[in-house]
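Protein chains: 2
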Amino acid sequence: MSNQAFEGMEKQAANHVPLSPLSFLARSRDVFGDRDAVIYGTRRYTWRQLHDRCAQLGGGLRALGVDQGDVVSIIAANTPEMVEAHFGVPMIGAVLNTINSRLDPETIAYILDHAETRVLITDMLFSNAVKDALARLDRQDIVVVDIVDTQIEGPGASSERLGQLDYESLLETGPALQDWALPRDEWDAITLNYTSGTSGRPKGVVYHHRGSYLMALGTIAGWSLPAHPRYLYTVPMFHCNGWGHAWTMAACAGTIICNRIISAEAIFGAINQHKITHFGAAPVVLGMLVNAPEEQRQAIDHPVKVMTAGAPPPAAILQKMNALGFDVLQVYGLTETFGHVVECVWRDEWNQLPASEQAAIKARQGVRFPVTEEVQVVNVITRDPVPADAESEGEIVIRGNTVMKGYYRDPEATAASFAEGAFRSGDIAVVHPNGYIEIKDRLKDVIISGGENISSVEVENAIYQHPAVSVCAVVARPSEKWGETPCAFVELKPDVTATEHEIIAHCRARLAGFKTPKHVIFDELPKTATGKIQKFVLRQRARSLKQT
Amino acid sequence: MSNQAFEGMEKQAANHVPLSPLSFLARSRDVFGDRDAVIYGTRRYTWRQLHDRCAQLGGGLRALGVDQGDVVSIIAANTPEMVEAHFGVPMIGAVLNTINSRLDPETIAYILDHAETRVLITDMLFSNAVKDALARLDRQDIVVVDIVDTQIEGPGASSERLGQLDYESLLETGPALQDWALPRDEWDAITLNYTSGTSGRPKGVVYHHRGSYLMALGTIAGWSLPAHPRYLYTVPMFHCNGWGHAWTMAACAGTIICNRIISAEAIFGAINQHKITHFGAAPVVLGMLVNAPEEQRQAIDHPVKVMTAGAPPPAAILQKMNALGFDVLQVYGLTETFGHVVECVWRDEWNQLPASEQAAIKARQGVRFPVTEEVQVVNVITRDPVPADAESEGEIVIRGNTVMKGYYRDPEATAASFAEGAFRSGDIAVVHPNGYIEIKDRLKDVIISGGENISSVEVENAIYQHPAVSVCAVVARPSEKWGETPCAFVELKPDVTATEHEIIAHCRARLAGFKTPKHVIFDELPKTATGKIQKFVLRQRARSLKQT
Numbered sequence: 001m002s003n004q005a006f007e008g009m010e011k012q013a014a015n016h017v018p019l020s021p022l023s024f025l026a027r028s029r030d031v032f033g034d035r036d037a038v039i040y041g042t043r044r045y046t047w048r049q050l051h052d053r054c055a056q057l058g059g060g061l062r063a064l065g066v067d068q069g070d071v072v073s074i075i076a077a078n079t080p081e082m083v084e085a086h087f088g089v090p091m092i093g094a095v096l097n098t099i100n101s102r103l104d105p106e107t108i109a110y111i112l113d114h115a116e117t118r119v120l121i122t123d124m125l126f127s128n129a130v131k132d133a134l135a136r137l138d139r140q141d142i143v144v145v146d147i148v149d150t151q152i153e154g155p156g157a158s159s160e161r162l163g164q165l166d167y168e169s170l171l172e173t174g175p176a177l178q179d180w181a182l183p184r185d186e187w188d189a190i191t192l193n194y195t196s197g198t199s200g201r202p203k204g205v206v207y208h209h210r211g212s213y214l215m216a217l218g219t220i221a222g223w224s225l226p227a228h229p230r231y232l233y234t235v236p237m238f239h240c241n242g243w244g245h246a247w248t249m250a251a252c253a254g255t256i257i258c259n260r261i262i263s264a265e266a267i268f269g270a271i272n273q274h275k276i277t278h279f280g281a282a283p284v285v286l287g288m289l290v291n292a293p294e295e296q297r298q299a300i301d302h303p304v305k306v307m308t309a310g311a312p313p314p315a316a317i318l319q320k321m322n323a324l325g326f327d328v329l330q331v332y333g334l335t336e337t338f339g340h341v342v343e344c345v346w347r348d349e350w351n352q353l354p355a356s357e358q359a360a361i362k363a364r365q366g367v368r369f370p371v372t373e374e375v376q377v378v379n380v381i382t383r384d385p386v387p388a389d390a391e392s393e394g395e396i397v398i399r400g401n402t403v404m405k406g407y408y409r410d411p412e413a414t415a416a417s418f419a420e421g422a423f424r425s426g427d428i429a430v431v432h433p434n435g436y437i438e439i440k441d442r443l444k445d446v447i448i449s450g451g452e453n454i455s456s457v458e459v460e461n462a463i464y465q466h467p468a469v470s471v472c473a474v475v476a477r478p479s480e481k482w483g484e485t486p487c488a489f490v491e492l493k494p495d496v497t498a499t500e501h502e503i504i505a506h507c508r509a510r511l512a513g514f515k516t517p518k519h520v521i522f523d524e525l526p527k528t529a530t531g532k533i534q535k536f537v538l539r540q541r542a543r544s545l546k547q548t
Numbered sequence: 001m002s003n004q005a006f007e008g009m010e011k012q013a014a015n016h017v018p019l020s021p022l023s024f025l026a027r028s029r030d031v032f033g034d035r036d037a038v039i040y041g042t043r044r045y046t047w048r049q050l051h052d053r054c055a056q057l058g059g060g061l062r063a064l065g066v067d068q069g070d071v072v073s074i075i076a077a078n079t080p081e082m083v084e085a086h087f088g089v090p091m092i093g094a095v096l097n098t099i100n101s102r103l104d105p106e107t108i109a110y111i112l113d114h115a116e117t118r119v120l121i122t123d124m125l126f127s128n129a130v131k132d133a134l135a136r137l138d139r140q141d142i143v144v145v146d147i148v149d150t151q152i153e154g155p156g157a158s159s160e161r162l163g164q165l166d167y168e169s170l171l172e173t174g175p176a177l178q179d180w181a182l183p184r185d186e187w188d189a190i191t192l193n194y195t196s197g198t199s200g201r202p203k204g205v206v207y208h209h210r211g212s213y214l215m216a217l218g219t220i221a222g223w224s225l226p227a228h229p230r231y232l233y234t235v236p237m238f239h240c241n242g243w244g245h246a247w248t249m250a251a252c253a254g255t256i257i258c259n260r261i262i263s264a265e266a267i268f269g270a271i272n273q274h275k276i277t278h279f280g281a282a283p284v285v286l287g288m289l290v291n292a293p294e295e296q297r298q299a300i301d302h303p304v305k306v307m308t309a310g311a312p313p314p315a316a317i318l319q320k321m322n323a324l325g326f327d328v329l330q331v332y333g334l335t336e337t338f339g340h341v342v343e344c345v346w347r348d349e350w351n352q353l354p355a356s357e358q359a360a361i362k363a364r365q366g367v368r369f370p371v372t373e374e375v376q377v378v379n380v381i382t383r384d385p386v387p388a389d390a391e392s393e394g395e396i397v398i399r400g401n402t403v404m405k406g407y408y409r410d411p412e413a414t415a416a417s418f419a420e421g422a423f424r425s426g427d428i429a430v431v432h433p434n435g436y437i438e439i440k441d442r443l444k445d446v447i448i449s450g451g452e453n454i455s456s457v458e459v460e461n462a463i464y465q466h467p468a469v470s471v472c473a474v475v476a477r478p479s480e481k482w483g484e485t486p487c488a489f490v491e492l493k494p495d496v497t498a499t500e501h502e503i504i505a506h507c508r509a510r511l512a513g514f515k516t517p518k519h520v521i522f523d524e525l526p527k528t529a530t531g532k533i534q535k536f537v538l539r540q541r542a543r544s545l546k547q548t
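Residue numbers (the numbering used here), protein chains in the order written: chain R, 1 to 548; chain Z, 1 to 548.
Don't read these hints as lab results, they were simulated from the structure.
Note that this is a predicted model, so its numbers are computed, not measured.
Watch out, some of these pointers could steer you wrong.
It does not matter which identical chain is used: a pair holds within one copy or between any two.
No farther apart than 16 Å at their CA atoms in a straight line, the calculated lysine to aspartate or glutamate pairs in the EDC-like style are these [as the list claims (entries may be wrong)]:
{"id": "1", "residue 1": "11", "residue 2": "185"}
{"id": "2", "residue 1": "518", "residue 2": "166"}
{"id": "3", "residue 1": "518", "residue 2": "384"}
{"id": "4", "residue 1": "11", "residue 2": "420"}
Whole structure, please, built from the sequences with the hints as guidance.
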């Protein structure tokens, strides 16, 4: 009886609004319109100006015929255009596809084709690869828009224009959206992020508005973000939409500082010049900071909090970061989980430990974020949770509202990854007695090099194209600089020869530079009774190779 | 075509979890199980213990037959039981109804009847009124559970037990819930809060899990709450579920310090003893703090942030609070909006202003919270937004995910309040040129005294019961101590007499103390041509009465 009375009250416009990060942009425009939203060199936009430019972008895209559910791709550095695309594209119900600018032309072409891109916004710095990619595509209907950056000096400044119009003209093309609307359904797609998985071809991870909204609030709560942080955008926005931080900054009306150059000198300089309070970076960037020559470093005179992810950071680097005055939070997540879902929350009692022990703890992945519903480590066979004994290994599985809708146009892969009622991460971890998880290995064969995912299968496929190769396998080899690098094990065909240099050169002609193996070992490959290559044995061999 | 591909990805267990503040309790148990959750005198529970007690409460209630959608009422002070009820009741899908402990027996009886309460948890300190209320009810089926507080000394300690069992026995009654579940739908009701509206009878405001979840995250973002705040619960939890702060503390794993006694001495003492970092309080409590005799005050040696709401706080009190070292944030909201939806966000440039001007700004209501979608001030006739000129008055209307489901068993009132696609607050405000709103008057005739809502109609109804009264009207009269007090204007019938003292005594016999008029003025009432009483004229007269 009571039940019916409660159920009678339906959702309506007053009390149920689709969750979307676009709401945060609207609030920052209304409430903090005069505060700086984005700074990039001599360019500077307030939240009101940023909102208006996003509305112009939406209007311009609509004038080009982009409609609800259409895909707009972008290949760009972390410039204002990249930030604007994260709001302007979803403002018209379209889906933003950020493409990794380091990819090879064939993969770029594959993505543009698979995503059925309607408009491609491309930074002129990447014109060479993009031109090549477009040439491989059998499609004339993609509208190409060039980002022309007048602040670039040197070689990039003279790159070729590929498009029918440039970005600023696009903003002037259509009337700015006067009354853009939130999506009708918070489950609508907001972005499409291609990631290298276990198979050679990248899979398209689809984000929903609801998840991006909650990710922003969860980051504020989990990272204890104050109002108006000054955020240096060093994380490429083509990775998990830059960990969702553009939307997060809209939620706390922060200031985003853009910078194309990721170098120790540039980061230290920006921190002091712009009074940076927060930034995110892969461990490889942290390594760059702590190993920078003295003359490139600057003393930091104010607190700076750093979020790091992409690979477990070496304890030594964390210890040095701490000594430089940075407060580093290690987080863990995947493209499929909108980025970070686990954080190594610091406990006061650990302040008493020696610095090296503190760094070892900080290198663990930790505990779930406030908006992450469940993170479990399950035995790979029984699928039961492993004991919290710091020894029993299992696969990390994740459930929550910041898990993707699924893989784009790949219902089989989607069903497989969600089969257990949680997302299967493919990462192997242990659980410490205090509940903190620590990653030990990858179930999938992804190699993470300099923050980039590399599919071992894709590299193997390239090696297999060499006429002398009989069997090959590619695994991760630990690297102080890159985290990991691809290491190839090759069995040659009888009576033919090939050198390490030849195989590497062969791969370089077919793959992006970071995917090319750094080492090739010729040997018989260890196999199971059924002939399956035992990659775990190869990983051990790769680890035992001398560091270079 | 793309559209269909995106639409094919349906919600499933892995990526769509109902939003509920219960998730925050589960996380704090898992991640911060050993941290203090609640401290009350000699009692102290960690997050793991609090979780387990809530699960026991849920199990006990289920053993009593409480089912999905049933109402469990509670009349209690801010003790651990009250905190636990906010989690344990919704854990079994039931709806928590917190009843204002200051209400008169007739209103309590009305609420128990209207809510169809299945179980009533009642603090023995309020046994007198509750016994009276139960006697007025023609229902034998309500299970009554007494909260027996062994820490109370003095008169309250010997109060009568009313129930079949006491609270701690209830926890031992049923098996603790081993596997409580989130609601199947985030739109499910979580609480039922009766509020005095324009009519004499209180209306039941129904909250949903989704709103309470977002309210907690929005409070963290809007108030810049750090991890693990130490929160003194001075706001009665029967008002908007204590502004949702129990759920918020679960989201940031804070520590809730409970205290029955709301006095300057108790608050100052708790702040230093428990290193309180945050508390919420009505302006009347702030007044108590700043006007406390020297010997009751203590110097505060650490930063304390205070959220105040319930009535616009006098600038003089804010100035004094600031001088004592408190950082006060004034917020605005209503029971219908889960509490605070607008906050007076401070701007750095205001630090240069004289203290009195700063206090005047702090007394404004401000701008919307991060999770509040829209707050507008609309002309009461045309319903168009008023200009931001600090002069044009209009009604505040609110839209967002922290707006109630509706009024319980009152579809007409629900439809009326949501008719414009936003919730009509009934509060009259102006908009300053910087977008900050400032409340000027109440469209409805609610009087807010000491943080309590009083329906003028209810008071008028009581006065009308006096045989000598012909016409009467009750309006708010400003009070330094209480914010407002009820002031009655009375026209007597011909040839009869009554004194102010008689009318007040007559009301006191029928109403809760705080609802009893403090002044009665005998005069002819101003009326419109159609005979409607012009309350705005009476409000002006009430304001011009000498302060007492």
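When Cα atoms must be at most 16 Å apart, do residue 518 and residue 166 count as within-copy, between-copy, both, or neither?
Close neither inside one copy (39 Å) nor across copies (72 Å); limit 16 Å.
If the cutoff is 16 Å on CA atoms, where do residue 518 and residue 384 land: within, between, both or neither? Let me know, please.
neither (38 Å within a copy, 67 Å between copies)
Between the shortest in-copy and the shortest cross-copy C-alpha distance, which are at most 16 Å for residue 11 and residue 185: within, between, both, or neither?
Classified as both; 13 Å inside a copy, 12 Å across copies.
When no copy is named, should residue 11 and residue 420 be tagged within, between, both, or neither for a Cα gap of at most 16 Å?
Result: close only across copies, 14 Å inter versus 31 Å intra.
When the structure is compared with the earlier hints, violations turn up for hints 2, 3 and for no others.
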